[in-house]
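Peer 1: With these hints in hand, go ahead and build the complete structure from the sequences.
Read left to right, the sequence shown gives residues 273 to 731 (this note's numbering).
Just so you know, the hints here were simulated from the structure itself, not pulled from any lab data.
Using N, Cα and C, we set each Cβ at its ideal position, and we do this for glycine too.
Take these hints with a grain of salt, some might be off.
[Claimed, not checked] Quick list of simulated restraints, FRET-style, between CB atoms:
| id | residue 1 | residue 2 | range |
| --- | --- | --- | --- |
| 1 | Ala-670 | Asn-697 | 15 to 21 Å |
| 2 | Glu-714 | Ala-637 | 31 to 37 Å |
| 3 | Arg-717 | Gly-344 | 17 to 23 Å |
| 4 | Trp-363 | Gly-330 | 15 to 21 Å |
| 5 | Arg-602 | Asp-499 | 49 to 55 Å |
| 6 | Pro-393 | Glu-720 | 45 to 51 Å |
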Amino acid sequence: MARLTDWITGGFRHGVHPPDHKAATAASPIRRMPFPDEVVLPLRQHAGAPARVLVKAGQRVERGDKVGAAQGYVSVPIHASASGTVTDVDWWPHPDGSLAEAVRIAVDPHSAQIPRPRLVPRWDDLDADGVRAAVQDAGVVGLGGAAFPTHVKLNPPEGRAVETLIVNGAECEPYLTSDHRVMVEHPERVHFGIRVMMQCLETSRAVIGVERNKPDAVERLRETVPDDLDIEIIALRVKYPQGAEKMLIKAVTGREVPSGKLPIHVGTVVQNVGSIAAIAEVFETGVPLIERIVTVSGPGVARPSNLVVPVGTKLRDVLDFCGGLTTDAREVLVGGPMMGAPQSDLDAPVLKGTSGIVVLTAAEAKPARVYACIGCGHCLDACPVFLNPSLLGKEAQAGRYTEMVEDHLMDCMVCGSCSYVCPSNIPLSQMFALAKGAVRREEQREREAAAAAGGGKAA
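Peer 2: Okay, here's the thing in structure tokens:
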């Protein structure tokens, strides 16, 4: 049973309204790109501990074989996205700008690229622990960008009941339409994944939040809801960052997640629509997460597309399949223009969390010249979590990270709203991301030092 709510007055405060630039691919059907000559699989593709390598140079692997094992609870395995031969395990450019240990596979051009069969029990024959184990073994993570292991979200803390499963179909980042196409082309898969999650979480209520600029997705989801499922589909106001977890919870339930707390503290679990479709595929086909849908868009790419791409495909190969870069292309982003990471090396690969590749020209790229803060206050009006980005920016420039933490730096979602509205072109969001990384590294060093002093092991 489907219930449709057209949400007009609700939502979160602040935020911004960047042009969505989705027209180039919103109606573009998903296509499958050919296998490249080589795939490169970083062992660090998800939040938590990176995978541990299982293969060595010269070893033959089949599509779907594990090449990396999960290390601990907050970790998932990595699987070969193509059949071929491991040529090396080496450090390789990562989309975040660092180097990461990666498995390189020369793709077998003569292989049919059929995944090796995996025995996955019927989901309804499994208890919650069995479902979580199957999801982890398949390497499923959040596909909205954060790449948080999905099995962890399926295991709320003891004593915390899940009242509402919120399915994130907002896709508020400009240019990106991969989730949109999943909802239009595979709504039954989305509903099946919701069914699995609802049973695992022992909740009877599910809500799908979709921005109102995707009416075809809203309609396809509504008309395909099974009669025995109670799913509410909410058509949300178009505003950025509507797809951020805390913002979506506020928009859908009216509840605010307290500072330093998680969605489960207000009785919710939020899961991206692509991740839910991936859960469905695990139990429908037994195939692990070895490919994903990627939007390739922007004025700097010849043929914008929505593609099924093997994980580990180099950005260069994806862009070449889309006709290459235009002559005035200036900047390649993994992700969208608000939160995406600029790329300096197109040999970096598509990861599980790569929702899009956006190519901007000089006309769209942020001006390089930065001016002093003029105290206009636009960033305060834009920040959806009510921080003072102007103050935090000055503290960041001075390296005063302790003061930044006191001023709630760790509540920052790095959504980019402050940078977007800044007339001085100050890269506030990037500064906050660097500061948060520095704070976390210092906290980890302190934990390790305390553990060493006490003869234990740091968490």
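Peer 1: State for each hint whether it applies.
Peer 2: Hint check:
Checked against the hint of 15 to 21 Å, the C-beta distance between Ala-670 and Asn-697 comes to roughly 19 Å, which is consistent with it. At about 33 Å, the CB distance of Glu-714 to Ala-637 agrees with the hint of 31 to 37 Å. At about 20 Å, the beta-carbon gap between Arg-717 and Gly-344 stays in the expected band of 17 to 23 Å. Between Trp-363 and Gly-330 the C-beta distance comes to about 19 Å, which sits within the given range of 15 to 21 Å.
For Arg-602 and Asp-499, the hinted distance range of 49 to 55 Å is satisfied, since their beta carbons lie about 51 Å from each other. Our hint of 45 to 51 Å for Pro-393 and Glu-720 is violated, since their Cβ atoms are close to 40 Å apart.
Of the numbered hints stated above, the single one contradicted by the structure is hint 6.
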